[in-house]
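Chemist: Listed below, chain by chain, are the residues.
Protein chains: 2
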Amino acid sequence: MTNNPVLVEALRGGVAESLHRGALAIVDADGAVHTALGDIERAVFARSAVKVLQALPLVESGAADTLGLSDEELALTCASHNGEPAHARTSAAMLAKAGVDTQALECGAHWPYLDSAVREMASRGEVPCALHNNCSGKHAGFVCLGSAMAGGRDLRGFLSGYVQAEHPLMREVTAALQAVTGHDLAHTAVGTDGCSIPTYAVPLYKLAHAFARVGSGAGLRPGHARAAQRLRRAVAAAPFMVAGSGRFDTRVMERLGERVFCKVGAEGVYCAALPEQGLGVAIKIDDGNNARACEVAMAAVIGALVRLDDDERSFIGTLSDLALTNWNGIEVGRLRATTALPRHAAG
Amino acid sequence: MTNNPVLVEALRGGVAESLHRGALAIVDADGAVHTALGDIERAVFARSAVKVLQALPLVESGAADTLGLSDEELALTCASHNGEPAHARTSAAMLAKAGVDTQALECGAHWPYLDSAVREMASRGEVPCALHNNCSGKHAGFVCLGSAMAGGRDLRGFLSGYVQAEHPLMREVTAALQAVTGHDLAHTAVGTDGCSIPTYAVPLYKLAHAFARVGSGAGLRPGHARAAQRLRRAVAAAPFMVAGSGRFDTRVMERLGERVFCKVGAEGVYCAALPEQGLGVAIKIDDGNNARACEVAMAAVIGALVRLDDDERSFIGTLSDLALTNWNGIEVGRLRATTALPRHAAG
Numbered sequence: 021m022t023n024n025p026v027l028v029e030a031l032r033g034g035v036a037e038s039l040h041r042g043a044l045a046i047v048d049a050d051g052a053v054h055t056a057l058g059d060i061e062r063a064v065f066a067r068s069a070v071k072v073l074q075a076l077p078l079v080e081s082g083a084a085d086t087l088g089l090s091d092e093e094l095a096l097t098c099a100s101h102n103g104e105p106a107h108a109r110t111s112a113a114m115l116a117k118a119g120v121d122t123q124a125l126e127c128g129a130h131w132p133y134l135d136s137a138v139r140e141m142a143s144r145g146e147v148p149c150a151l152h153n154n155c156s157g158k159h160a161g162f163v164c165l166g167s168a169m170a171g172g173r174d175l176r177g178f179l180s181g182y183v184q185a186e187h188p189l190m191r192e193v194t195a196a197l198q199a200v201t202g203h204d205l206a207h208t209a210v211g212t213d214g215c216s217i218p219t220y221a222v223p224l225y226k227l228a229h230a231f232a233r234v235g236s237g238a239g240l241r242p243g244h245a246r247a248a249q250r251l252r253r254a255v256a257a258a259p260f261m262v263a264g265s266g267r268f269d270t271r272v273m274e275r276l277g278e279r280v281f282c283k284v285g286a287e288g289v290y291c292a293a294l295p296e297q298g299l300g301v302a303i304k305i306d307d308g309n310n311a312r313a314c315e316v317a318m319a320a321v322i323g324a325l326v327r328l329d330d331d332e333r334s335f336i337g338t339l340s341d342l343a344l345t346n347w348n349g350i351e352v353g354r355l356r357a358t359t360a361l362p363r364h365a366a367g
Numbered sequence: 021m022t023n024n025p026v027l028v029e030a031l032r033g034g035v036a037e038s039l040h041r042g043a044l045a046i047v048d049a050d051g052a053v054h055t056a057l058g059d060i061e062r063a064v065f066a067r068s069a070v071k072v073l074q075a076l077p078l079v080e081s082g083a084a085d086t087l088g089l090s091d092e093e094l095a096l097t098c099a100s101h102n103g104e105p106a107h108a109r110t111s112a113a114m115l116a117k118a119g120v121d122t123q124a125l126e127c128g129a130h131w132p133y134l135d136s137a138v139r140e141m142a143s144r145g146e147v148p149c150a151l152h153n154n155c156s157g158k159h160a161g162f163v164c165l166g167s168a169m170a171g172g173r174d175l176r177g178f179l180s181g182y183v184q185a186e187h188p189l190m191r192e193v194t195a196a197l198q199a200v201t202g203h204d205l206a207h208t209a210v211g212t213d214g215c216s217i218p219t220y221a222v223p224l225y226k227l228a229h230a231f232a233r234v235g236s237g238a239g240l241r242p243g244h245a246r247a248a249q250r251l252r253r254a255v256a257a258a259p260f261m262v263a264g265s266g267r268f269d270t271r272v273m274e275r276l277g278e279r280v281f282c283k284v285g286a287e288g289v290y291c292a293a294l295p296e297q298g299l300g301v302a303i304k305i306d307d308g309n310n311a312r313a314c315e316v317a318m319a320a321v322i323g324a325l326v327r328l329d330d331d332e333r334s335f336i337g338t339l340s341d342l343a344l345t346n347w348n349g350i351e352v353g354r355l356r357a358t359t360a361l362p363r364h365a366a367g
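Protein sequences appear in the order of chains F and E. The first sequence begins at 21 in my numbering and counts up one residue at a time. The second sequence begins at 21 in my numbering and counts up one residue at a time.
Careful: at least some of the hints might be erroneous.
What the hints assert, rightly or not - These stretches of chain F come out as covered by chain E in the derived footprint (C-beta under 8 Å, 3 or more residues):
#: 1; region: 29-37
#: 2; region: 126-135
#: 3; region: 259-269
To be verified - Estimated spans, in silico, between C-beta atoms of each pair:
#: 4; chain 1: F; residue 1: Arg333; chain 2: E; residue 2: Arg275; range: 51 to 57 Å
#: 5; chain 1: F; residue 1: Arg333; chain 2: E; residue 2: Gly51; range: 49 to 55 Å
#: 6; chain 1: F; residue 1: Pro25; chain 2: E; residue 2: Thr359; range: 23 to 29 Å
Derived from the structure by calculation, the hints contain no laboratory data. Cβ atoms here follow ideal geometry from the backbone N, Cα and C, with glycine treated the same way.
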């Protein structure tokens, strides 16, 4: 049993109430390990943290250009979005460009992540469809890739069962994941993700290495390097699409632009590229907590490593050490990164 | 730093994806430790797991009888409820018996815990008030206690600031908590709970001891013993009130009646009385996860220790080892208690 360090703690009344253990790998594009906390060799299901890698074939294949996908649409292919109206609308627009409709999506439906979006839908008497699934943009991107792969065949017929590992479309997606992570996905643990596509277990340091490559292009074949740069720029140009109102990824990239590409995954996985530093980051929180543990840890890493002005440093500080308030708005504690995490060397 | 054992694991693709560490204390009414896993001496904020202890003065004082509180209303004083219409209505009825209205509650407002209740309110154009706060029954119980304590004074005036530790009402509540846990609350860490009342840190084994006393009455003063029995019976008679639709506490007590009194608290705290075994149980999940970690661990403890027929054992088994399904309803993994937890000795 691994015994990873405590990366994040929740304080109440001045004492630690709850603790989040985890592992952190920071690696450069050559594969050199910059920071290792905990067991970075353990293979973890990469989940939604690697959506940008799964979107590479869409761009490399030329399908994105053929269909004229916008920055918003490309950003949505990398997203775990809130299911806000703009997210659902943009997914629908991508499907329309491919000549199909919501019925083509195999991700399943769920109510939006954003509570206020749920209430607004309920107040209008609406129910969710696959467009509201947080993965609908990734799946719409798969559908667009499929429109290039189907050739003369009927697209709906070609797409049927695309979430299965052995489908030609999913083979392309998995091949990109394998190429960039450098991990043999045919001989690793495989699970089924929330949206029904396969998710592969990849050692944490290899995920960090993959994101260093995504940030710099180094070590990637030219088509992947160009595609990664295009996707990163699309997300920097349209950060609302990658998550949504109030979300960490959106807030950070709205503020820091192309200096950070970060992406949350389910079960406490978080990956980021820090292009200016030539580094990739991968975090796995042992207990699977996303919102409070992963984000706080990632904020600490960004604060330690990324070039920031004073205002930006203050902003990131509010994400790595934040007030916990109760139903009356009273501050009852703090949520903060521990000293195990990298710290900014005050200049 | 404590290094508690893994009590619950989430599996995907046959491998452990996430882990929940924690501590478990099972203690009898004499204070003898039956089971100890992890650091059971560490003081943890008891949060909402001890609402039954905080309701003892309401019953012991005679206020519950004077106001004619029903089983439903007494069960609600012990509740972290879903905010369903019946919960809000019952809280309102308690306030009316005391001669005040929602304005007397100092717990703050939040949308119901139950998603479908949120959507139904939104569809009707409603917004939440303090009656929907999961703690509204506890607070309505405080108000009813206040009606006995206020004497000839104006009740609203007497109640003002009742959530503060030094308010005469809260002193009564804290005194009951101290009497039953046997812990000196004047010299322990204190925080502010979600509903603004103080929450005290109590060693885990003392919480288990307190619940053994609640289950048997042994070691309690007569007034507390009678009040504890009345509250346990009220919850067994009206288990919907203590939580609500689909919730673990409600489902378990609907099925097992007075054989189990269990109560979730925030941040991964869970307490239970097992009266037939003369045991009390207290769990703290390190990472603060309630719904999946605490409940699975508590189900394993109940399955190991409580007298169950085959159907009941099967039912409890579905709570200690359960399928994780995705948005398409496909089973993608399991959530299960680890072998660190007590196991049923097959007869």
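Chemist: Going back to the hint list, which numbers does this structure go against?
Modeler: 3
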